[in-house]
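Protein chains in written order, with my numbering: chain A, 1 to 164; chain B, 1 to 164; chain C, 1 to 164; chain D, 1 to 164.
Since the hints were made in silico from the structure, they are not lab data. Some hints could be false.
Treat identical chains as interchangeable: a pair holds within one or across any two.
Cross-link-like lysine to any residue pairs, in silico, SDA-like; alpha carbons within 25 Å at most [unchecked claim]:
| id | residue 1 | residue 2 |
| --- | --- | --- |
| 1 | Lys20 | Tyr149 |
| 2 | Lys83 | Arg136 |
| 3 | Lys83 | Thr69 |
| 4 | Lys83 | Gly37 |
| 5 | Lys83 | Gln33 |
| 6 | Lys83 | Ala35 |
| 7 | Lys83 | Gly101 |
| 8 | Lys83 | Ser67 |
| 9 | Lys20 | Ile143 |
| 10 | Lys83 | Thr130 |
| 11 | Lys20 | Asp140 |
| 12 | Lys20 | Val65 |
Protein chains: 4
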Amino acid sequence: MTTPLHQKSAHPEDTNQPHKAFRCEIAVRWSDQDANGHVNNARVVTLMEEARLLWLNQHAVAAGVGSFTDPKFVVALTVNYLKPISYGPALVLLLTTGRIGNRSFTVSYEGLQDSNTVFRASTVLVPIDTGSGRPRALTDEEIAYLGAYAPQDLETNDIGVKDD
Amino acid sequence: MTTPLHQKSAHPEDTNQPHKAFRCEIAVRWSDQDANGHVNNARVVTLMEEARLLWLNQHAVAAGVGSFTDPKFVVALTVNYLKPISYGPALVLLLTTGRIGNRSFTVSYEGLQDSNTVFRASTVLVPIDTGSGRPRALTDEEIAYLGAYAPQDLETNDIGVKDD
Amino acid sequence: MTTPLHQKSAHPEDTNQPHKAFRCEIAVRWSDQDANGHVNNARVVTLMEEARLLWLNQHAVAAGVGSFTDPKFVVALTVNYLKPISYGPALVLLLTTGRIGNRSFTVSYEGLQDSNTVFRASTVLVPIDTGSGRPRALTDEEIAYLGAYAPQDLETNDIGVKDD
Amino acid sequence: MTTPLHQKSAHPEDTNQPHKAFRCEIAVRWSDQDANGHVNNARVVTLMEEARLLWLNQHAVAAGVGSFTDPKFVVALTVNYLKPISYGPALVLLLTTGRIGNRSFTVSYEGLQDSNTVFRASTVLVPIDTGSGRPRALTDEEIAYLGAYAPQDLETNDIGVKDD
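Given the sequences, and given the hints that come with them, work out the whole structure.
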């Protein structure tokens, strides 16, 4: 259900750098629909959250990066809803890494149903130190893990250089 | 609970044009919190939805603009989460109109708790013709209603001229 | 919004004992509706939870019984759904105390919309000691508070005598 | 994910009548947890709803009983919560048929996590005629389908004889 999908980036200048997207299928529930009979726009954000947790709190942990289970604040969110999402057909999410800063990183999402892209989205996340309750810096291990899911390679992405 | 608040725009070039924000208080529920003990980021989108419906499906209807009760697709969403939102203190939302197109319009949101701005957000909405299930043009009546909640005055806002 | 309502019990043998119900109005959200266009049956349980928290975590605390804010496990739930609940009209909940045991108590709920009873329900609750994470006995103070909302008077109700 | 499980009934007088339970696994979401860190009691009702829909709106339809997709009102609900439900371990639901009336039927639920029974529940459902919006009688086909999931055999269960 959560096997990473190796795929070529769609980005034109990135022809030689295969990268991974984290791919998972999220079971849409009947109750995710609203009175208009489609998955509610707020519930899409919940489905994104669940996919992100499968990636960072389960898959990354299984890959040895346990610190991702620290709470993460969502500080920014954008969603473009391209097609109504129905209850019934499988909903596939592809997650990749966008910008990686010192104390934050961006996750990009693509939702697919019946082979159509139904939404594109991104969230900016800030990991929180459980002791202090304050934002903390990303670890080298976390940066390496996230970098493997970034469309551009590490050298050109200036990972860890830009501040937040 | 939903009386419009007349206020001066915070926009510097708009010193002479008072405009209205639609102000309402949304009751946060204990269940809006997630396992981290704050209102979940997806639930904030639900609270925005509820405020928007109080504005367009109740207040606008009471003001004589009944066509806003047609279903409206949310086609784009952005949220900036500025502070954690707690269960307990009143949550006030201020809604204003952003861009008004032929077949879409933007609603801007500011969330306040204990006099602090806790989030800023916007959604792009497309009204749907209930007969055809297709997007429909905004009516003159709807444009006038929305325009009264726009920070800039109607003349400079080119309302209804820009296409989507 | 949460003023207790003094009312005569509808119970025939209780003609001389006025008792209180905790009365509150819960704002139904558009998103509480499901694809069938009425408030979803699971969401009714959330509305009951919110009313219970207004009673025990806010009203009781204001009345000096602060220990009710300890977590409480819901161990049993029954709901009879009598009429569909709509988005729009005010939803009033009346809460009273049912059986009071040593380590548990029962809350009874009546939901009203447009003067019709739309559901009746009850939940059995077990207060949890925050230190040990284990069920704890009700305090005398809690028993007295709950007893004031019980249809029968304290003498005939054997409060605190029955074990769980 | 939704293959029916043939199992012997646990009912003592039913030693010779194997019957089926509908077995499915429901993916618990992180957002199903509440601020106490366990799956919320109201959300359990949503998980039951999803399992019921997998049974009656998907499995039964695949078995040729299409009329179960008509809306069904939940008129009564009971849940006994036996253990806290966690995010992480698989949640298995076993659904069987309880009483079958002329215009209603009862679904029984058992929830299992890590081989422990975490809840037992039942709901009384009333199928609705989509034309009139009124309760309708169960069809013979529906009664036969439901009867195959009833712990007692058809002869002793008086199916279709009891009125509602």
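Verification of the supplied hints:
no.: 1; hint: Lys20 with Tyr149; verdict: within (5 Å within a copy, 45 Å between copies)
no.: 2; hint: Lys83 with Arg136; verdict: between (37 Å within a copy, 16 Å between copies)
no.: 3; hint: Lys83 with Thr69; verdict: between (32 Å within a copy, 21 Å between copies)
no.: 4; hint: Lys83 with Gly37; verdict: both (13 Å within a copy, 22 Å between copies)
no.: 5; hint: Lys83 with Gln33; verdict: both (14 Å within a copy, 22 Å between copies)
no.: 6; hint: Lys83 with Ala35; verdict: both (17 Å within a copy, 18 Å between copies)
no.: 7; hint: Lys83 with Gly101; verdict: between (32 Å within a copy, 20 Å between copies)
no.: 8; hint: Lys83 with Ser67; verdict: between (35 Å within a copy, 23 Å between copies)
no.: 9; hint: Lys20 with Ile143; verdict: within (15 Å within a copy, 46 Å between copies)
no.: 10; hint: Lys83 with Thr130; verdict: between (38 Å within a copy, 17 Å between copies)
no.: 11; hint: Lys20 with Asp140; verdict: within (19 Å within a copy, 49 Å between copies)
no.: 12; hint: Lys20 with Val65; verdict: within (17 Å within a copy, 43 Å between copies)
The structure fails none of the hints (numbered hints given earlier).
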